[in-house]
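Chains as they are written, first to last, in this note's numbering: chain A, 1 to 466; chain B, 1 to 105.
Simulated from the structure, these hints should not be mistaken for laboratory data.
All C-beta atoms in this analysis are idealised placements derived from N, C-alpha and C, irrespective of residue type, glycine included.
You may find that some hints are simply not true.
[As the list claims (entries may be wrong)] What the simulated footprint calls covered on chain B by chain A, stretch by stretch (three residues with Cβ under 8 Å from a Cβ of chain A suffice, anywhere in the stretch; the number is not a length):
hint, segment
1, 5-19
2, 31-41
3, 79-90
4, 93-99
Read off the chains here:
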Amino acid sequence: MEEIRILSPTAILGYGFPESSFQAALAKNPHVIAVDAGSTDPGPYYLGSGISFTDRAAVKRDLALMIPAALERKIPVIVGTAGGCGADSHLQWCIEIVREISKEQGLTFKMATISSEIKHDDVLKNMAAGKVKPLHPAPELTRELVDQSTSIVAQMGVEPFIKALDMGAEVILAGRAYDPAVFASLAVKEGFDPGLAIHMGKILECAAIAATPGSGSDCMFGTLRKDHFILEPLSPERKCTTLSVAAHTLYEKTNPLILPGPGGVLDLNQTTFTQATENSVMVKGSRFVPIPADQKYTIKLEGARRVGFRTVSFAATADPIMIRQMDKIVEGVRARVKSNFNHLDEKSFFLDFKIYGQKGVMSMFKGLPPASEHQPAELAIIIEAVAPTQSEANTICGFARSTMLHYGYEGRISTAGNLAFPFSPSDFKAGEVYEFSVYHLMDVDDPCQYFPIQMKNCAKGECHEI
Amino acid sequence: MKYKLIELADVIRSKNSGPYEITFDIIFKEETMFQKAAASGVFNKKLFADLYHLKEEDVISVVNFPPAKAIKATIVRPMASGNLGEADVYGAQQHGPMLGIEFEM
Chain A
1 MEEIRILSPT AILGYGFPES SFQAALAKNP HVIAVDAGST DPGPYYLGSG ISFTDRAAVK
61 RDLALMIPAA LERKIPVIVG TAGGCGADSH LQWCIEIVRE ISKEQGLTFK MATISSEIKH
121 DDVLKNMAAG KVKPLHPAPE LTRELVDQST SIVAQMGVEP FIKALDMGAE VILAGRAYDP
181 AVFASLAVKE GFDPGLAIHM GKILECAAIA ATPGSGSDCM FGTLRKDHFI LEPLSPERKC
241 TTLSVAAHTL YEKTNPLILP GPGGVLDLNQ TTFTQATENS VMVKGSRFVP IPADQKYTIK
301 LEGARRVGFR TVSFAATADP IMIRQMDKIV EGVRARVKSN FNHLDEKSFF LDFKIYGQKG
361 VMSMFKGLPP ASEHQPAELA IIIEAVAPTQ SEANTICGFA RSTMLHYGYE GRISTAGNLA
421 FPFSPSDFKA GEVYEFSVYH LMDVDDPCQY FPIQMKNCAK GECHEI
Chain B
1 MKYKLIELAD VIRSKNSGPY EITFDIIFKE ETMFQKAAAS GVFNKKLFAD LYHLKEEDVI
61 SVVNFPPAKA IKATIVRPMA SGNLGEADVY GAQQHGPMLG IEFEM
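Make a model of the complete structure from these sequences and hints.
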């Protein structure tokens with residue numbers, strides 16, 4: 001093979017793409033259609049609860065175009081981090097969507113599903129053997145954190161995908177995967193340079209976000225050759241420029257020059273970006289440095305645990321006398337909540353006041369000076385309670401809200417009520433709350449060890465294991 | 001001469017790099033200004049530690065990336081993304097303090 005051509009239709013499966021771009025990409029005869037379907041960005045809830053952050057109908061729309069187009073051309077479709085987080089429930093959700101498409105369009109194909117959920121016992125066993133280490137700056141893993149995690153996923157590299165391709169899979173649905181793996185696997189299997197293949201995958205992973213104007217819902221095309229790769233958007237209104245592609249290499253990375261992943265490190269110290277044509281960019285010099293022979297291959301583990309249930313109340317104020325002493329009022333309301341529910345262990349619930357207009361957005365950094373010296377005309381206030389049950393969260397949030405509504409602060413002249421509520425009811429049950437509990441590296445003997453592959457024959461909606 | 005970063009940069013942004021870090025990107029408009037700023041030593045760990053009231057050891061790295069005319073800094077997130085007390089799950093609105101950077105070169 002002289003070159004390998006890869007179509008990335010969209011930044012995240014379900015974010016969509018224009019059919020015109022997709023057709024233009026197909027006309028360039030891609031060897032594979034690959035898409036990343038997930039991220040940890042939307043926070044711990046989705047991994048913890050097993051629910052997808054992408055919409056089912058939107059995911060189905062994208063796959064309903066991708067699968068028949070690929071089957072017609074006899075090229076594989078590869079989906080990584082199915083269902084947004086790649087736990088078994090997410091993967092199953094995606095399999096069911098594909099089964100529906102097979103039925104509705106009368107399609108027959110060989111499907112590989114690659115699971116990435118790892119058993120708690122396996123994590124504990126490896127911990128005991130000293131094979132699990134925190135990914136700095138995550139804290140050390142404890143038995144308690146593992147036990148509390150609802151599901152733990154491991155991030156696969158290219159190896160399980162290569163295995164599934166070797167088994168003849170036409171559609172591959174994988175659990176949690178290193179983002180570039182879906183794009184790089186076919187190229188690595190065909191013997192192309194892994195450094196270039198993975199770097200290209202890192203950029204294709206976000207589709208047209210690396211073009212200008214950028215878009216998360218448009219296609220990007222990659223062509224990998226012996227010593228370089230070319231990136232180009234499909235929509236005539238977009239261009240890849242050396243700046244747009246190089247800037248994307250920075251995105252969401254700790255260090256843009258050294259990018260660790262499964263089995264080694266991507267080293268971009270010698271990488272060059274050159275404008276190839278008006279709308280395409282050539283990248284050279286990216287190197288993959290495999291882990292030294294005396295070190296083990298590592299996979300990344302991710303897990304989330306439930307910490308309670310949440311209720312929130314939205315309110316606002318436009319009273320300058322109240323705004324001036326908001327900190328003091330919040331402390332007063334907290335004290336009232338504490339004394340009213342003194343039979344509850346203080347640690348059993350969490351109460352927070354997010355004061356938008358005054359250090360709301362940046363509240364994670366303590367001690368920052370206010371962004372402006374001027375007193376804001378209005379403040380938005382979100383009262384949040386998290387407690388072991390939904391009903392306790394409702395109680396704490398409701399009490400804090402009614403206390404704040406009628407709180408008699410110093411100099412108060414608006415005595416009918418302190419808060420403007422935009423909604424009735426004022427309080428919203430937000431359900432289960434999760435936090436990340438596992439973000440660690442684990443040594444493995446075999447890159448495919450924790451990623452079992454199931455091959456199925458799907459014929460018009462009937463899927464049977466081979 | 002005194003410069004305002006906001007006048008020299010095309011992009012000033014923040015984003016999570018995984019749940020336990022926040023990373024800042026400054027992409028300069030002009031190659032010459034990027035080279036000057038990178039060589040000046042102004043963009044160091046202390047600058048980011050001061051801007052965000054952090055200990056210097058919590059600034060993981062400050063790196064120049066010439067292909068993008070960019071300087072990039074990564075810090076330890078004060079809390080893991082989505083932990084109780086969170087106000088910006090994606091970490092995409094933590095760039096504010098950088099907009100006020102002024103420096104002599």
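Structure-based check of all given hints:
1. 5-19: holds (count 6)
2. 31-41: n = 0 at 8 Å, threshold three: violated.
3. 79-90: holds (count 12)
4. 93-99: It holds: at least three residues are needed, and the segment 93-99 of chain B offers 4 whose Cβ sits within less than 8 Å of chain A.
Consistency note: the structure conflicts with earlier hint 2 alone.
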